Each structure stands twice: as C-alpha cells, then as structure tokens.
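Participant: The residues making up each chain are set out below.
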Amino acid sequence: MSDSRDAVLSASGVSISYQTQNPVHAVRDVSLTLHRGELLGLAGESGCGKTTLAYGLNRLLKAPALMTSGEIVFHDRHDGDIDVVGLHGDSLRIFRWDKVSMVFQGSMNALNPVLTVRAQLHDVFTTHRPAMGRTERERRSRELLGMVGVDPDRISSFPHQLSGGMRQRVMIAMALALDPQVMIMDEPTTALDVVVQRGIIREIMGLRERLGFAVVFITHDLPLLIEISDRIAIMRDGRIVEYDDAENIYRRPQHEYTRELLASFPSLRGVRGDFIRSGTRRKGARNG
Amino acid sequence: MAERGSGRLEARGLGKVFRMRNGLRITTVHAVREASFTVEAGRTVALVGESGSGKSTIARMLTKLERPTRGEVLIDGVPAAHHGRGLARYRRDVQMVFQDPFGSLNPFHTIRHHLERPVRIHHPHLGSAEVRARVAELLDRVQLSGSKRFAESRPHELSGGQRQRVAIARALAPGSRFIVADEPVSMLDVSIRLGVLNLLADLQREEGLGVLYITHDLATARHFSDEILVMLRGEIVERGDADAVILHPQHDYTKLLLEAAADPDRLGLLRDEVRAGAQTGPADAVG
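As they're listed, the protein sequences go chains A and B. The first sequence runs 335 to 622 under the numbering used here. The second sequence runs 652 to 938 under the numbering used here.
Honestly, the hints are just simulated from the structure, not real lab data. Quick caveat, the model's predicted, so the values are computed rather than measured. Ideal placement from N, C-alpha and C gives every residue a C-beta, glycine not left out. You may find that some hints are simply not true.
Estimated spans, in silico, between C-beta atoms of each pair [claimed, not checked]: (1) A:Y352 / B:D916: 34 to 40 angstroms; (2) B:L675 / A:G381: 26 to 32 angstroms; (3) B:N757 / A:P486: 47 to 53 angstroms; (4) B:S837 / A:R593: 55 to 61 angstroms; (5) A:D513 / B:H764: 56 to 62 angstroms; (6) A:L449 / B:H764: 29 to 35 angstroms.
Chain A with its partners taken away, still in its complex shape:
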C-alpha cells in the first residue's frame, strides 16, 4: 500500500483524556492516515485506548471524555476536506453515518430490542434522507439485507429472533446504508463463533471490494488482522507503538510489544509446543 494513494481520513496528534478526578490519558498523540479503500487494523489489548480512538474519529465522545488536542480531517470524495473536529450541530449530524459509519461492539446491545429490523433500517433513511419515500426506503432496506447475506424477508424480525451472526450482519447493513466512505468496526466479530466470524469477514472484504469504502478494523485478534489488513497500527497505553504494512508487522516486527503480542498467539500449524518451554512462562508469571 503506497502513500501516494488518496487519503480519506487523516488524524494527527490526537489526544483524548477522560476528565475525571485523576484524568486518564486514554489516547496520546496518535497520528494515522487511512487511504481510500484501505483496511487498517487497529490492534491492542483491553484498556489500550482503541475504542476511545474510534469514537474520537467519529466524534462520538461523550463527557467526561474530551479530545484535548489534534486534528482530524476527512477528505471527501466530492466536497473536499472537512475539519471533523470543527463540526457541530447540523453539520456534524450530516457528517456522521453519511461519511463515516460505525459497527459497534456487541450487536446484542447495539440494536434496539423492541423495534423490528425494518424500523431500525428505515430510521437511517428517514433521518438522513428525508426526501426518500416509503417504498424506496423499503426497497433499499431489503436490498441492504440481501447484500450482507440476510434473507430480506427477515426485515420484519425483532433482534432476538435473529442469531448473533445475523444481528451482526444487520448492523453492517445499517452501516452500509448511506454508502459511507469509511466504516469503523469495533470488534465486530469477537463474540461470534469462528465459522460465523469467517463468513462475516468474507462478507466485509467482498463489500469493500465492490463499494470501495475504507475500513478501520479494531480487535485484539492480531493473527486475524495480519490475515486481512493492508496496514496495522499496534496500540498500547494510548499510543501507537508500531504502524506498518501487515506483512512487515508479521515478518519484521520492530517494537518489543508487537513481538510480545505476536508471541501470545501460538501458531496453528507451526512447530508444536515450541514456546511452551520458552521464556513465556516467566514473563507470564510476572504479568499475570
């Protein structure tokens, strides 16, 4: 992935802290460039600031979280650059979901349990495309479900009538609704079984190929990221400690933490048990 490709979202020097009695600096001086159509993996363990950063990129932070410094610029396909930090009111409402959408962690909680899938999909259009008629809304909603591999007739279902994988697909359909240029996915498949997870990842990759949106894919599952990402940023304690092509992260990791994370995942088909007698034990005892 060369830097000469168009950037779609760039962040520089972003810091976010939680303004509590003892302020927590969750994100420190993070700079990233997301290119058009790129799949950027954001890896790190719990508490490293990856979700906070994602919320920051989408301007979803709520007090006490506060972006204390930095710039986020969205390079629109049509309208030129948008200063994301400066958006407020209507301009912010128009930006969100239309330009950058999000698939949240835990589809169980992100979908409204008392509304049908139809109501929740239509809602996106009534809010963002007020001119769209009911028939058209229904047509688009069904089309979206088809695109993510859910039978369009399930549109009348309530979330609890769907399996976990189907719910996650509905979330993706919703994120696709306005043809965004960037989709931020926060642990979109972590709670799912591997076979279902693989199906959804394949779906995301295929849709990206067809529709050309860029993806920020957040997870702690580094092997998965290496398999699917163009580039990967490794986060620890709010900082990006390494940021490189997936291949370099895997084959030539520079930072010690990256090596440590890689070593935490035993190779499925590699030499058996080679790390069991390695130094991991002492390190594990210290950390855990």
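Got chain A; can you put chain B on it based on the hints?
Facilitator: For chain B alone, coordinates are given in the frame of chain A:
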C-alpha cells in the same frame, strides 16, 4: 484417596437431555449424546467446539454440577457417587476452573479465605498452622510469589490473570488430581493467556495433574494438549492425537473449523480470493 499423579477420570456414554417447558409445549434438547473419553493423570485432553456444542455441559457433568441423563462418570474405574460422602470424596479429586475469574471469586473475601475454605472442608483434621502452610504452598504452586501479599488481598486488587491463578489454586486446594478448565483464558487479555496455560501445563507435567481443557481455540488446544476431541451439536465427531487432528483432520466439521481459524500465514490470501470471487458474485453467507 489415591496419590496425586495417578489414576484416570472417565466419561462413559455420557448424555444429557434438557427439557424446556414453554407454556404447554415441552421441547427437549440433546445437549450431549454418548460422550466417552478418558483423562489420564499427567495428560491434557482438549475438548473443542463452538458455543452450544455441549462442551460446558460435559464439564458440568464431570464436576457433578449436572446429573447425566445417561451414562456415567468413573474415577479410577469406579462410578462416581451422586451425593453424600462419596460425592465429597469425588470432589476432592476433581475440581473445576471457570471461565470468568471476575465472577467466580467473591469480592468480599480475601484470597486467603478463598483458599483456606476448601482446605478446611476437605481436610477437617488440619490445624490452623497447617492450613496456613497449605495456602502458602498453593499460592507458590500457581506462581503467585510473595504469597503473603496476595493472600491478604481481595479479588478486585488483582489482575484477570492473577485471579485466574487464584481460581486454579482454589481448584487444587482439596488435593485434586484432575482439573476441568472451561475456557480458562478466553476472558483474559491476550498477552497473559499463555502464562496461565503454561501454568496448567507445568502442573500437568510436574505434578501429574490430569486436565480437561475446554476451548474454542484450536491453536492452544493443539499446543497444550495430548489429545483433542472435537464436538458438534452434542456429539464428539473427531478425536485423536493433538497434532493429527489439527494437521490431518478427517471430519468435515474439523476441517471447517480449521479453515475458519485465523492464520497469519495466509496473509492477503482472503483479499485475493474475494477479489477473484467478486467477478463471479457474492460468496455464500454463513451464519
């Protein structure tokens, strides 16, 4: 009671049917069908499968938290008792480590309390000094060194990995020979998972503990166990030597699971595959 490092724990034709009443309708779910396997002392057997495959039901039947509908659990060839003293004796030998170290420890009590209780219950003849010595020894065995400080702390003062070590110590406290570990590391941060698994591996190797390791993670199942059992909808569909099952899977479901597992060595392959497939239309949906 048999010596640590000897004996075998056996499941023979285990089955469990759950009956669920929904108004007047009663539906039955076959959570486990005809499961038979043996965990020998000093060996680790991995039970892998997806959620709902019956792995945890097997764990609960082996630890006598759930009564099997069919079949039986045997220890050293003798059927395990369902109640009374026989059950107490069985539980001295077989203990469980739960998935969630945040939920399995009582936040009101110190680590010392958590470890002293099983020691006292299973060894009522021990004096206070001996109990204290056992607790120190247990903390040492799970590599929570500087045991004094850990003993007096409460669960919230410990990290997830440390809590899971306490849970393992508690499982060892009665003098257990077998441990059933149900997804013991899936709730822990990735960088500390191997430390906890290595601890179980050390106990298995050095003390001859028999371990049933329940997981959905094929990679750790392979590296940390001698034998792997693959479960699908309540049935064990494939079993064998850990390397053989992972490297030369026979059953279609095992192949599917392996195909779905993330493998960094396939870097970029999925993208290329999807790109090639994009011309022929969207891939079939799973899930």
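Participant: Each of the hints needs a verdict: does it hold here or not?
Facilitator: Evaluated hints:
Hint check: Y352 of chain A to D916 of chain B, Cβ distance near 39 angstroms, so the stated range 34 to 40 angstroms holds. For the pair L675 of chain B and G381 of chain A, the beta carbons lie near 49 angstroms from each other, so the given range of 26 to 32 angstroms is not met. Between N757 of chain B and P486 of chain A the C-beta distance comes to about 49 angstroms, which sits within the given range of 47 to 53 angstroms. The hinted range of 55 to 61 angstroms is not satisfied by S837 of chain B and R593 of chain A, whose Cβ atoms lie roughly 23 angstroms apart.
At roughly 58 angstroms, the beta carbons of D513 of chain A and H764 of chain B sit within the given window of 56 to 62 angstroms. Our hint of 29 to 35 angstroms for L449 of chain A and H764 of chain B is violated, since their Cβ atoms are close to 47 angstroms apart.
Checked against the numbered hints listed earlier, the structure breaks hints 2, 4 and 6; every other hint is satisfied.
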